[in-house]
Amino acid sequence: MVNVYCVKWGTKYDRSFVENLKTSIEKHFTIEHKFICFTDKPEKDYDIPVTHPELRGVWHKLSLFQFTGDNLFFDLDIKINGDINFLADRFDTFTCIDSTPWKIHKLDRLEFRNDTLINTSIMRWTDNRKVFDDFLKKRDLYLRLYKGIDRYIYNEDIKYKTFQGNAISSWQEGIEDNTIVLHNQKYA
Amino acid sequence: MLDINTIETIRKIFNHYPKRFVDVLNSLNEKQQVSKEWLVEKLNEYKYPFRHKLKKDRISIMLLCSWYGMLAYKLIDKFNVKKIDRVYCIDFDPKAKQIANRLFRRIDNENLHKGILTQVNYREKDIKDLSENDMSSCEIVINTSCEHLEQQTIYDNLDKCPSGTLIVLQSNNYDQIQEHINTVKDLQEFVSQYQSHLINIQMYEKDFLDYKRFMIIGIKR
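Sequence lines, in order, name chains A and B. Residue numbers are given in my numbering: position 110 of the first sequence equals residue 373, and the series is strictly consecutive. Residue numbers are given in my numbering: position 36 of the second sequence equals residue 39, and the series is strictly consecutive.
Hints are computed from structural coordinates only; laboratory data are not their basis. Just so you know, these numbers come straight off a predicted model, no measurement behind them. Check each hint, because a few of them may be wrong.
[As the list claims (entries may be wrong)] Here are some, though not all, of the chain A residues that point toward chain B, as calculated from beta-carbon distances under 10 Å:
hint : residue
1    : Lys-275
2    : His-296
3    : Lys-297
4    : Leu-404
[Unchecked claim] Some chain A residues near chain B, calculated using beta-carbon distances under 10 Å:
hint : residue
5    : Lys-307
6    : Gly-320
7    : Lys-342
8    : Ile-343
9    : Phe-375
10   : Lys-401
11   : Tyr-405
The beta carbon of each residue, even a glycine, is placed where N, CA and C say it ideally should be.
Okay, chain A solo, but in the shape it has when bound:
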């Protein structure tokens, strides 16, 4: 059984984004799974409340690492156009997305801006509890240094792999018809 998580926090995305994601997952992910929405306002039977209310926005994604098992996470603003069973081909090392294709032109600013070449719109993990525990120990420092978890993971030398193949793209590349299209920062 695969746990499929999303996070709905605040008002940036309304409930329709969660419902659309759930419907897409049911259609394109045929491996046995349980859909879970981690949220500050639980309403549906698939909702569970956030566990660290002091955190904001994307940082709740990091708090999902307290959960072990075969886990997948999806941002609410992704579009799924085809079979995504490949995301569950192996659950071992923490896996996220290589964002180099749409970020390569920003490389000169990478270091002093604490920028990142990974993207966590989709994540896969089994046991990443240490990452979250370490974050909590110096939460204030990391929240000060990093705008989001992509930057935190990339700059704090956390071990990760990236999904292989060409099935994931970003709308920032001008691609809209791939198997998975991230709409990262489109609704910012």
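Following the hints, complete the assembly by docking chain B onto the known chain A.
Positioned in the frame of chain A, the structure of chain B alone reads:
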């Protein structure tokens, strides 16, 4: 114009700590400077006696969550109630000491030449791990980061301070910042959090247009 030494310090920070460059600049920005100068000004005006005020020639001051330690140098410059023996800067950031040394090395040398003997000691430590012994080594304890800390952490730390310790606390109502997990809505709320811990409380408010900063100075019961 910026003087050549300042430019050189900025260059060194950029070269050695590029990932911290923006953070270092933030720690020295105008609002940080104004907040710290305001603190020293009001501390100088505080009239109530605190522990060892009359007994010791020189006192020690502890700065909790001290970031890169700019307040230590404001105190060395402007604090006029007592001579300062040591300022302890406590922060759990493993790079704070190295960066502070680069930032303030020249000022340390200048102070030494002027005969100012105050030592600034950086300690990499979570304030949760400070002991009663640690807290009793200082006559004044300053925490300008209450909005960054769980309330219980602040209380636990206060409980470890000896009676008579002069306490300075700052917080704000700037809840748009992701690391501000414990803001207060106004000065009254801030004061009410510490009335059972402190006596002779003096309270202050400063308007920074997009938010307000609050400060209380009092004596540990």
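Next on the checklist: Holds or violated: the hint that Leu-404 of chain A contacts chain B, with Cβ atoms closer than 10 Å.
Outcome noted: At 5 Å from the nearest chain B Cβ, Leu-404 of chain A passes the 10 Å test, so the hint holds.
Checklist entry - Taking the least C-beta to C-beta distance, is Gly-320 of chain A closer than 10 Å to chain B? => result Nearest chain B Cβ about 7 Å off; hint holds.
Checklist entry - Is the interface hint for Lys-307 of chain A satisfied, with its Cβ closer than 10 Å to some Cβ of chain B? => result Check failed: Cβ of Lys-307 of chain A comes no nearer than 27 Å to chain B, outside 10 Å.
Item to check | Closest C-beta approach of Lys-297 of chain A to chain B relative to 10 Å, hint status | outcome: Because about 30 Å separates Lys-297 of chain A from the closest Cβ in chain B, which is outside the 10 Å limit, the hint is violated.
Item to check | Cut-off 10 Å, beta-carbon criterion: hint that Lys-275 of chain A touches chain B | outcome: Violated, about 14 Å.
Checklist entry - Per the CB criterion, is Phe-375 of chain A less than 10 Å away from chain B? => result holds, 4 Å
Item to check | Interface hint outcome for Lys-342 of chain A [beta carbon to chain B under 10 Å] | outcome: With a minimum Cβ separation of about 27 Å from chain B (threshold 10 Å), the hint on Lys-342 of chain A is violated.
Checklist entry - Once the shortest beta carbon distance from His-296 of chain A to chain B is found, is it less than 10 Å? => result This interface hint is violated because 31 Å lies over the 10 Å limit.
Checklist entry - Once the shortest beta carbon distance from Lys-401 of chain A to chain B is found, is it less than 10 Å? => result Cβ of Lys-401 of chain A sits 6 Å from chain B, so the hint holds.
Checklist entry - Taking 10 Å as the limit, does the beta-carbon of Ile-343 of chain A come near enough to a beta-carbon in chain B? => result violated, 29 Å
Checklist entry - Given Tyr-405 of chain A as an interface hint, is the shortest Cβ-Cβ distance to chain B below 10 Å? => result Nearest chain B Cβ about 9 Å off; hint holds.
Hints 1, 2, 3, 5, 7 and 8 from the earlier list are contradicted by this structure; the remaining hints agree with it.
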